[in-house]
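Here the structure of chain C is known, so what remains is to put chain S in place on it, guided by the hints.
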Amino acid sequence: MKIRIKFKKYGVMKFIGHLDIMRYFQKAMRRADIDIAYSEGFSPHQIMSFAAPLGVGLTSDGEYLDIEVKSSKSSKESIVNLNNTMVDGIEILEYKRLPDTAKKSMSIVAAADYKVFYKENYESPYSVTEWQEKLKEFFTDRPEVLITKKTKKSEKVMDLKQLVYDFKILEEENRPVFYLNVCTGSTDNVKPELVLEAFYEYLNLSYDAFAFQIHRLDVYAKTEDGYVTLGSLGEDIE
Amino acid sequence: MSTKLALSDEILLTIDKPARYIGNELNMVKKDPKDVEIRFAMCFPDVYEIGMSHLGMQILYDMFNKRDDIYCERVFSPWPDLHKIMKEQKIPLFALESQEPLKKFDFIGITIQYEMCYTNILQILDLAQIPLFAKDRTKEDPIIIGGGPCTYNPEPLADFFDLFYIGEGETQYDKLFALYKEAKKKKWTREEFLRKAAQIPGIYVPSLYEVTYKEDGTILEMKPKYEDVPIKVEKQVVMDLTDAPYPEKPIVPFIKATQDRVVLEIQRGCIRGCRFCQAGMIYRPNREKNIEVLKKHAYEMLKNTGHEEISLSSLSSSDYSELEELVSFLIDNFKEKGVNISLPSLRIDAFSLDVMGKVQDIRKSSLTFAPEAGSQRLRDVINKGLTEEVILNGAGMAFEGGWQKVKLYFMLGLPTETTEDMRAIAELANKIAVRYYEIPKEQRNGKCQITISTSFFVPKPFTPFQWARMYDKDNYLGRAKTVNDAVKEQLNRKSIKYNWHEADVTVLEGIFARGDRRIGQALVKAYEKGCIFDAWSEFFDNSKWLETFEELGIDTDFYTMRERDREEVFPWDFIDAGVTKEFLLRQWDIAHEETVTPNCRMKCAGCGAMRYKGGVCYEDKN
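Respectively, the protein sequence lines represent chains C and S.
Following the working numbering, the numbering of the first sequence begins with 1 at its first residue and continues without gaps.
Following the working numbering, the numbering of the second sequence begins with 1 at its first residue and continues without gaps.
If we strip away everything but chain S, and leave its shape as in the complex, we get:
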């Protein structure tokens, strides 16, 4: 049995990495499209190797395909080489499994993980030969549904989607599919279906809301057009994570994906409450998976994929209460079989160093710290509980254990940041180097290598910093220069390397992150000018974006340079994300007082997530 490929040999043998477009990977689900009632195309709007590394997509793929009446297939952004050919030859975009055009499908579900993929969403619709604007679609067209973290402010994309699913995908899809089947049977119009879908918790239908603006450009009001459409859309949360669906047989790509390993999700949410972090807020409350289930998953997934590595996934692995037992289990059972164990997001302490010493080559590996801010003052502002003492102790222990490479991650442009805070980044790196050279010469291994990386802070919806202002490109680069100059003044400057992030892409990300419906037209225009793969520096073309905003008369400073007023109505205020606006505002205030908030396990901060009745909020606090 062989599938007829959508692309000819001539095309596949001309483009880069044809394996991106042929499907057929191990554990790919095969069904006869004729046997199902609903055809769902799951899309990650970036290149195959990135998209295939995304856990959420694999979870939903598995969950949907367990149903006999649905065939869920995959689609990714064609790389620019193929994009050009598909446009020239008018080849419709297809799904990998059946190789059939997307326009035949019932649903196209697009996961929206970062702002810089927005033009790739338009690329998908365009290549699929589906109208870009939801209002132009007819009953012949698939329903376009969006999900993922960026839907916590879906407004810049409101014109292009029929529906958004706000929150974790595990809870409401069955209801949506049941409604869709009913709609098909009873021959409802597209509008009738969408109107009813809006009543499913977590489903947001942008066309059913009206937004009015004040003279100053901020939102006056956003309200439903009809009475039966909810004013607030509630985020969806899976409270029983242990028994939630999890893919036992993940697809194994032929070409090396970014995440070429088994990914074991150990918990969702984070107890820390860093004030810049959107994931830490929108995935509240923190919920752990039962360790016995995790052991079983680890075994099955390794067996079913043959991967040579397993990685734990969570926002802060060290906070998983049974981490030690889990890690010992993985080492004892799989290390001998040549399976690597990868432990990202670990706090550096005696335990983690011991474990890391067992699972990786100390000489080659590096320690990672993410203090995010250089000074203790600014770390208190952002509620990053890491102290200088902890960093120096951790680094000291590691150096004595044989490590000599350290990576440090910081953000520039955080609220209240001063020149002293920026300089403190270089000073902290220097102190770490000093700690290294305290080790007697004969016991150490040459020089230490300390790498500082800074990104520029982008305020995100549903964080305490959603009121914060941003800066322009030159200001950001000035901040990076301050750090760079300070690094050069350090005694151990030869052991310190400094990298900083691009600044123009930061500004654009900021526009999209807190943008409103008026940004949608800019996306279309920029796409027409050729902007795709904006997340890739080799394709990102800032001049096209500047032109676009200029031509449309959009003042981007409105989105980036303003500190928001306490009373301002945000484009995303219609979403109930679990954390209340009062809590976020309280956090914004105490950030300015440089006051830290204890983590969820130590003391409840009253964020609002307790109403989900589970997770860390209901752990025995003793």
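Bound-form chain C, shown alone:
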């Protein structure tokens, strides 16, 4: 039976990288007595995969991992059992059964929502209204926003207009907060910091990665009904 688990990652856990989070969950499954299935072979490993790795330094309200189990308690009980053995900074939100035909989350991830805000000890160079005007100029009103993404091997020119589905700036506690919905996945992937960096560059400002806290809100798959959260593809087990 396939299960999709949604969890939050916050606080000091943002310093724990993706590989260590995987190890953390492997151990957590044993502690919570989840009847997880193992691969065949001499050194069997748990059947587990993550939707979209979250970088070190980022927090999230919507992380997903898929597991295969041999049997399962109800969603409610499983969530309680898992949460009883979580550290501060990881909280299980959902535990849902997927249809047997469901594809791995990793292969269907299409978009993600992010909220980006200034950390406490950093000031914004503009007021919210000013930011909103700049955004119109940089993004909303332009037919294309070309940027160059550098990887270890090559440089690639991308059009942010095709890959950033939504970009707005709101005011929260008198400070600007950036909301982005970006293309995510193994083929085209846009990180929010890339967008912000391009925005800063456009404004002739020097970008300081430490100034921002990037927070993922949720991850989406594209279906016939449009974009839906990965969690909504499963059903609660009663």
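Take these hints with a grain of salt, some might be off.
Stated by the list, open to error - Partner residues are not named here, just some residues of chain C that face chain S (Cβ under 7 Å, in silico): (1) V12; (2) D20; (3) M22; (4) K27; (5) A28; (6) R30; (7) R31; (8) A37; (9) G41; (10) F42; (11) V87; (12) D88; (13) F117; (14) F210; (15) F212.
Claimed, not checked - Straight-line C-alpha distance at most 16 Å; calculated EDC-like pairs for lysine to aspartate or glutamate: (16) C/K191 - C/E172; (17) S/K335 - C/D35; (18) C/K27 - S/E25; (19) S/K4 - C/D218; (20) S/K337 - C/E40.
The hints are simulated quantities; they were obtained by calculation from the structure and are not laboratory data.
All figures in this text were calculated on a predicted structure; none of them were measured in a lab.
Where a beta carbon is used, it is the ideal one built from N, C-alpha and C, also for glycine.
Same frame as chain C, now just chain S:
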């Protein structure tokens, strides 16, 4: 609830592995520091992944935190990347749990497991902004206490510690804490507290002793400054190991520690009596833990950690009397749940091969033998009971069972070693290979792989070889070359690989292992020159050490190149480690006669440990 971290996001996102410094791991103990009377920082002076793999620290962490009046936290050596930042920005070293500076604590307990961490101890004190020298500390500073195997000769570190705890931590800490609380209540001075602490068995207060030297540089006398300070400090031993505290909920690191598994201590001590081995002497008498308690611990610890592996811990697992039952229990109960079972320090025989065949992939795993010396003559000198016949039989059985990789461990520079003994290492490896190729071609799996590793022998206090001399770097490398040349002459040389250990670090380890108080100044000087993480070859800088000794006029040959006189007073003679000096001297003599001593179960050798009234000394010998 979230703790304010001691390091900023800017720092944590710049350095390697920030998880080393944030705490918050599963099973970490959380208390409000305001609710306790004593704050204890438990320190392993090496990087987090090494320190978190140490069982003794987890035992004491658990034991201290079971008390409501103590909050025990952890601290490890900041890696050089963070070290630099902390020095530049003057960030005080902090404990992982509360993230608060160490200098606020009542105690800093430092476990001293190997000599090459000595400069890291100074690093800890320096970054914590605590005076390096005990004499410069005031009532504002924590009490610095050292423990662990290196405290069996604490003298090179005497200037930096207020106290040393000699022996197993389970026995005297309650007394020490009671005294500390009394001291706080009655507002004793630091000196008054230390003076009283010296009267607790096992507690050594270096500042209360005076050492005088002879003209030749050896010790004339070491004596207490006051009458109420004991002449001898007695090592502490837990006689009831079964009911001794054991952490049921060990901390589970986020990043992979060296020991990323449940560790089940099955016994303490060793019955074998290898003459080079310090652990085999200082942990006497051998004491086993009851098997039913071990089964319970195994179950609880796996449940509470979620680890996918369990490892048995002891100096010689095969000597645990109920090993077969324990191993079967672990396999029957946990193998199906995907738990690996790791069995280090097993003697290779039919039983162990059967078990290993069940718990590991034979094609990938290797057999390990530690003959320590190549020839039977030298194995008799060191009292390593392993014979060539046993090795070849074990290897033969293993090869027939499908194994093809063998690892062999030896030491070079052992007392009385000759060229023949060195060459015998290569010859033994060749004989093992010959045994492999005796198996018909169609039944074997290609070539066998035999890996020889040699380290250089360092004489340690409280061993029969504490009188032995060492050699210089070139001499050690010459010995390795002799082995290497001999390997190249072997018929099966293509199946044999040879690795040897660094030689300069061996010499330094030898200086510290049997050093005296005069070595302390060299540690400070070398630390000031930038020596830290000396145990890590990428950081070890021998030239800085050579410079240091040169500048201070310390003749290191005095510590390494001399065979000690039978009457010489050693810096560690003030410790009563259970084994008597007479016994060690007797062993030193019969080593030269190439005579083996039977193990403790076969025949008591009269080492002195019987006075603890338990363990193997009192087993029914039939």
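Which hints, by number, does the structure contradict? Hints 3, 8, 9, 13, 15, 16, 19 not satisfied by this model.
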